[in-house]
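J.: Construct the complete structure from the given sequences, taking the supplied hints into account.
These protein sequences, in sequence, are chains Z and L. Residue 82 in the numbering used here sits at position 82 of the first sequence, and the numbers go up by one each step. Residue 647 in the numbering used here sits at position 174 of the second sequence, and the numbers go up by one each step.
Honestly, I wouldn't trust all of these hints.
To be verified - Every beta carbon over 10 Å from chain L, so not counted as near; a handful from chain Z, in silico:
1. N110
2. I209
3. V230
4. W386
5. E387
6. V431
Claimed, not checked - Just so you have them, the derived chain L footprint on chain Z, three or more residues with Cβ under 8 Å:
7. 3–15
8. 145–157
9. 161–175
10. 441–447
Stated by the list, open to error - Straight-line Cα separation of at most 20 Å, EDC-like style, residue types lysine to aspartate or glutamate; simulated pairs:
11. K574/L / E219/Z
12. K140/Z / D289/Z
13. K834/L / E219/Z
14. K834/L / D289/Z
These are computed hints drawn from the structure, not numbers from a lab. Don't be surprised by glycine CBs; every beta carbon is placed ideally from N, CA and C.
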Amino acid sequence: MIFTSITFFVFFAIVLVLMALVRSAKGRIWMLLAASYIFYGNWNSHYVLLIFMYGLWGWGLGLAMYHASTPGWKRFYFWLSVVLSLGTLTWFKYANFIGENVAKMLELRNWEQVDVVLPVGISFFTFHTMSYLIDLYRGKIGPSKDPAKFFLFVSFFPQLVAGPILRASSFLPQLDRTLRVTWPNFVSGAQLFIGGAIQKSLFADHLSIFVDQVYRTPEIYSAGTLWLAVAAYAMQIFCDFAGYSLMAIGTARILGFELPENFRMPYLARSVADFWHRWHISLSTWLRDYLYIPLGGNRYGPTRTQVNMFITMLLGGLWHGASWNFVLWGALHGVALGVHRGWSAWRERRGRQDHETSGPVAGAIGWAATLLFCCLAWIPFRSPSWETTGVFLRGLVPGGDGIVWLHTPTLGILLLAVIWHAAWQFMPRVVSRLPFRPDELSTWPAMLTIGYSILLLILLVPLNAQPFIYFQF
Amino acid sequence: MSWPVTFANCGSVRRQSLERRLGYFEQVLGRGGILGGESSQRRTVARSGWRVFLRVLLAALVVLGGGEVFVRVFVGSPSPHIYDPLIGYSYQPNGELFQAKEGSTHLRFNALGLNDRDMAPRAGRCRVLVIGDSYTAALQVPREQNFTSVAERIDPALDVINGGRDGLFLGDMHKVTDRLAPAIQPDLVVYVISERAVDTDIALPDFDVQVDPRNGMVVDAVMKVEQQETLKRIFGPVLNRSALATRLAAQFKPMVVEAIAQLGSWRGVLALSGSKPEAIRDSRARPDDVRILEFVFRRMRARSPAALLYVNGLRYAPHHRASVAPTSTEAEMVARRAAQHADLLLRDTGAYLIEANADSKQPPFGFDNALLPGGHLNSVGHEAVGRALVDLVHDSIRKLGRNCSAP
Numbered sequence: 001m002i003f004t005s006i007t008f009f010v011f012f013a014i015v016l017v018l019m020a021l022v023r024s025a026k027g028r029i030w031m032l033l034a035a036s037y038i039f040y041g042n043w044n045s046h047y048v049l050l051i052f053m054y055g056l057w058g059w060g061l062g063l064a065m066y067h068a069s070t071p072g073w074k075r076f077y078f079w080l081s082v083v084l085s086l087g088t089l090t091w092f093k094y095a096n097f098i099g100e101n102v103a104k105m106l107e108l109r110n111w112e113q114v115d116v117v118l119p120v121g122i123s124f125f126t127f128h129t130m131s132y133l134i135d136l137y138r139g140k141i142g143p144s145k146d147p148a149k150f151f152l153f154v155s156f157f158p159q160l161v162a163g164p165i166l167r168a169s170s171f172l173p174q175l176d177r178t179l180r181v182t183w184p185n186f187v188s189g190a191q192l193f194i195g196g197a198i199q200k201s202l203f204a205d206h207l208s209i210f211v212d213q214v215y216r217t218p219e220i221y222s223a224g225t226l227w228l229a230v231a232a233y234a235m236q237i238f239c240d241f242a243g244y245s246l247m248a249i250g251t252a253r254i255l256g257f258e259l260p261e262n263f264r265m266p267y268l269a270r271s272v273a274d275f276w277h278r279w280h281i282s283l284s285t286w287l288r289d290y291l292y293i294p295l296g297g298n299r300y301g302p303t304r305t306q307v308n309m310f311i312t313m314l315l316g317g318l319w320h321g322a323s324w325n326f327v328l329w330g331a332l333h334g335v336a337l338g339v340h341r342g343w344s345a346w347r348e349r350r351g352r353q354d355h356e357t358s359g360p361v362a363g364a365i366g367w368a369a370t371l372l373f374c375c376l377a378w379i380p381f382r383s384p385s386w387e388t389t390g391v392f393l394r395g396l397v398p399g400g401d402g403i404v405w406l407h408t409p410t411l412g413i414l415l416l417a418v419i420w421h422a423a424w425q426f427m428p429r430v431v432s433r434l435p436f437r438p439d440e441l442s443t444w445p446a447m448l449t450i451g452y453s454i455l456l457l458i459l460l461v462p463l464n465a466q467p468f469i470y471f472q473f
Numbered sequence: 474m475s476w477p478v479t480f481a482n483c484g485s486v487r488r489q490s491l492e493r494r495l496g497y498f499e500q501v502l503g504r505g506g507i508l509g510g511e512s513s514q515r516r517t518v519a520r521s522g523w524r525v526f527l528r529v530l531l532a533a534l535v536v537l538g539g540g541e542v543f544v545r546v547f548v549g550s551p552s553p554h555i556y557d558p559l560i561g562y563s564y565q566p567n568g569e570l571f572q573a574k575e576g577s578t579h580l581r582f583n584a585l586g587l588n589d590r591d592m593a594p595r596a597g598r599c600r601v602l603v604i605g606d607s608y609t610a611a612l613q614v615p616r617e618q619n620f621t622s623v624a625e626r627i628d629p630a631l632d633v634i635n636g637g638r639d640g641l642f643l644g645d646m647h648k649v650t651d652r653l654a655p656a657i658q659p660d661l662v663v664y665v666i667s668e669r670a671v672d673t674d675i676a677l678p679d680f681d682v683q684v685d686p687r688n689g690m691v692v693d694a695v696m697k698v699e700q701q702e703t704l705k706r707i708f709g710p711v712l713n714r715s716a717l718a719t720r721l722a723a724q725f726k727p728m729v730v731e732a733i734a735q736l737g738s739w740r741g742v743l744a745l746s747g748s749k750p751e752a753i754r755d756s757r758a759r760p761d762d763v764r765i766l767e768f769v770f771r772r773m774r775a776r777s778p779a780a781l782l783y784v785n786g787l788r789y790a791p792h793h794r795a796s797v798a799p800t801s802t803e804a805e806m807v808a809r810r811a812a813q814h815a816d817l818l819l820r821d822t823g824a825y826l827i828e829a830n831a832d833s834k835q836p837p838f839g840f841d842n843a844l845l846p847g848g849h850l851n852s853v854g855h856e857a858v859g860r861a862l863v864d865l866v867h868d869s870i871r872k873l874g875r876n877c878s879a880p
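T.: Next up, the structure:
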């Protein structure tokens with residue numbers, strides 16, 4: 001059930017009606033839990049059991065850890081939870097990848113692929129559960145005693161399949177207050193949802209028509225077309241994922257929940273480090289808190305810091321999927337972060353400011369270099385294989401005689417994207433007027449903006465709508 | 474504040490401002506004076522509610538009006554389709570069409586509802602009626618660039634009439650001949666088919682193939698004609714006048730179909746549905762594709778002298794090289810065997826399209842605002858298919874022993 005389908009609108013309308021009918025706070029939590037399982041079961045009813053099991057061991061082992069009589073037992077329960085979470089994730093997501101590579105290394109010819117369907121969003125709910133258990137182990141939060149609340153934290157439907165990745169410390173307390181659907185939340189949430197739908201359906205889905213075709217056979221296209229595809233994919237994945245996040249945040253806000261911000265105009269970043277403060281923020285902060293810092297962070301000297309950063313990005317790449325292409329993407333970002341860190345340290349030693357804040361020219365150069373790097377790094381991320389990556393990269397060199405295809409809708413969307421980013425950068429006051437407040441709804445700017453947004457959305461959404469890219473992760 | 478209560482309070486800010494205004498009036502005119510106390514307060518609130526309602530209504534009209542203009546300028550014109558009990562739908566006679574989905578075209582249909590100029594005197598020319606689906610209808614290119622016009626340009630001794638309609642099924646093509654032949658009196662009817670007709674059309678559940686159980690021969694193969702639904706009857710006039718309504722209908726249709734299918738699956742899960750699932754067709758009882766096509770081709774030939782033009786799909790390689798796509802070749806082989814059995818001339822367009830691709834360095838399919846190299850024939854493709862059509866017509870005329878001379 002994707003957010004932009006009629007099925008979801010019917011489903012969500014029923015949830016809202018039930019929120020009105022069910023008066024007790026506890027009843028509403030149970031209702032949302034049931035709705036979340038139905039939402040997930042609509043994709044694959046068997047895997048509802050899996051998500052239930054995640055809730056069960058997360059809640060059970062959390063309580064066991066909290067009440068453990070000795071530190072040894074506490075450690076045991078903690079590691080058991082880590083093994084269960086990561087083991088399940090590895091089985092479903094990486095079993096074939098590992099098996100295939102081991103078989104290749106050992107030259108085992110009779111190795112056969114495991115017939116397993118990847119549960120949608122498994123990486124996300126695994127990270128939810130793990131963040132709770134790690135925070136609990138570290139003593140940062142208390143245990144969740146109400147199973148319904150914890151099960152809802154693991155399976156809350158707006159963010160279940162593609163994030164933002166929730167932290168128990170911010171979500172569980174929201175369940176302790178009375179859940180309400182209020183008019184201001186409804187107005188603001190609905191507008192966020194519309195904004196997300198525009199990003200996804202109007203921008204990302206139209207771009208995918210061009211991108212998918214070019215990435216299928218990059219060898220036949222001209223360098224100009226391939227460069228256009230590079231830019232188009234960078235915008236597609238941003239609009240797809242940021243659009244989903246915005247719809248998730250909007251849906252949750254209508255129900256009275258606040259989810260963390262996941263994107264902050266990443267293509268305005270002036271360095272790779274800045275990019276990771278703006279791109280998939282809930283993942284980058286998760287990796288920082290639960291991987292980079294436990295590895296030692298920057299506490300053991302510059303070399304170890306670089307290594308920690310590289311490992312973190314490498315695993316961050318692998319988190320996206322079982323493919324060497326994702327590993328390569330993570331490694332590229334790891335190297336780029338290392339270079340940026342080294343460069344910043346060198347400038348600091350010479351008594352200069354960080355280039356991100358050292359004036360418009362240096363800032364513009366930093367922005368352009370970051371944008372170019374990020375766009376090029378998406379090539380292995382998008383390519384189905386190393387071969388395609390190689391063909392694509394070779395094709396970017398001008399001089400070939402491939403098919404020139406300058407897809408008009410793609411050019412139009414990229415132009416709109418430039419205007420949108422420029423507005424964000426240079427006219428923050430205009431941008432900050434959105435979403436409209438409830439008391440502004442009957443003003444002409446609000447009525448026309450919302451009216452035309454909805455109309456354009458309905459009119460121009462491609463008929464062969466694509467599923468969200470991040471569903472596969 | 475809980476949900477329903479809060480919804481009732483949706484205009485609380487507006488009401489506060491109204492109350493402030495009322496307070497002002499009460500101060501000026503005196504409580505219970507001219508305004509009449511609480512009842513006047515209620516009247517004023519009601520009046521203000523109406524004002525907001527009217528403003529929202531006006532905004533909705535502005536949005537819809539702007540939407541209509543936007544669609545007419547950038548997307549397409551109102552639907553050119555009218556209900557047709559024979560083949561589901563056809564084009565409005567003398568109707569007009571603008572589309573910017575693939576390429577950008579303004580077209581006018583003739584008095585017969587065909588994408589062609591009005592009928593001209595035969596003047597000794599061979600009259601060829603071309604029937605097919607969207608490749609033939611050619612709504613993506615200007616009329617003078619479509620392959621029927623190209624054929625007329627290459628050989629002025631031909632009067633080629635475009636009888637194409639988008640989405641026309643293989644099993645419906647003979648019905649178009651039945652309808653048009655009395656008015657057009659063609660010397661030859663060319664049926665344009667492609668991989669879709671061979672692979673998809675004849676496998677459709679609505680394509681009803683009847684077999685004589687005694688000898689296994691195909692005795693009938695017809696497409697189930699779409700019934701005019703009440704909704705279409707009601708909204709047809711609106712769709713013919715409003716581009717916005719046409720676009721909205723096209724956008725909503727798949728979503729509604731998906732929602733109905735989803736509802737059906739939920740009903741199945743909840744076991745609420747008393748109806749049993751539709752029985753799966755017995756594939757063993759269905760004759761093979763060649764025999765079905767043979768029947769369809771024989772039926773075409775029985776009506777008037779006929780020939781087949783097969784539009785191949787291409788597979789592209791670097792340096793502007795191309796070859797016929799393997800799936801297209803497979804389907805072509807099936808069609809070719811059936812055509813041989815039915816004693817019908819079939820010409821494929823593969824070589825023409827490959828040559829056009831190499832010469833023009835541009836794929837013969839697709840447009841810069843749609844799929845390239847995919848989708849429908851573009852002007853390069855129509856030029857190539859036009860050449861193939863002329864060669865096919867010459868071969869057929871020779872075979873038929875007819876004589877055509879340029880006017």
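J.: Would you say W386/Z is clear of chain L, with no C-beta pair closer than or equal to 10 Å?
T.: Given that every Cβ of chain L is farther than 10 Å from that of W386/Z, nearest at about 19 Å, it holds.
J.: Do the alpha carbons of K834/L and D289/Z lie within 20 Å of each other, as the hint requires?
T.: Judged against 20 Å, a Cα distance of about 54 Å means the pair is violated.
J.: Quick check: do three or more residues in the segment 441–447 of chain Z have a beta carbon closer than 8 Å to a beta carbon of chain L?
T.: Satisfied; 3 residues make the cut.
J.: At least three residues with a C-beta closer than 8 Å to a C-beta of chain L: is that true for the segment 161–175 of chain Z?
T.: violated (count 0)
J.: Would the pair K574/L and E219/Z pass a check requiring their Cα atoms to be no farther apart than 20 Å?
T.: 26 Å, violated
J.: Does E219/Z lie within 20 Å of K834/L when you go C-alpha to C-alpha?
T.: The hint holds at about 15 Å.
J.: Find the nearest Cβ of chain L to the Cβ of V431/Z and say whether that gap is larger than 10 Å.
T.: 22 Å, holds
J.: Are at least 3 residues of the segment 3–15 of chain Z within less than 8 Å of chain L when you compare beta carbons?
T.: holds (count 4)
J.: For the segment 145–157 of chain Z, count the residues whose Cβ lies under 8 Å from any Cβ of chain L; is that count three or more?
T.: It is violated, with 0 qualifying residues against the three required.
J.: So I209/Z supposedly isn't at the interface. Is its beta-carbon more than 10 Å from every beta-carbon in chain L?
T.: Given that some Cβ of chain L is not farther than 10 Å from that of I209/Z, nearest at about 7 Å, it is violated.
J.: Assess, step by step, whether the Cα of K140/Z is no farther than 20 Å from the Cα of D289/Z, and give holds or violated.
T.: 12 Å, holds
J.: Should the label of V230/Z as a non-interface residue stand, given a Cβ cut-off of 10 Å to chain L?
T.: 17 Å, holds
Against the hints set out earlier in the document, violations occur for numbers 2, 8, 9, 11, 14.
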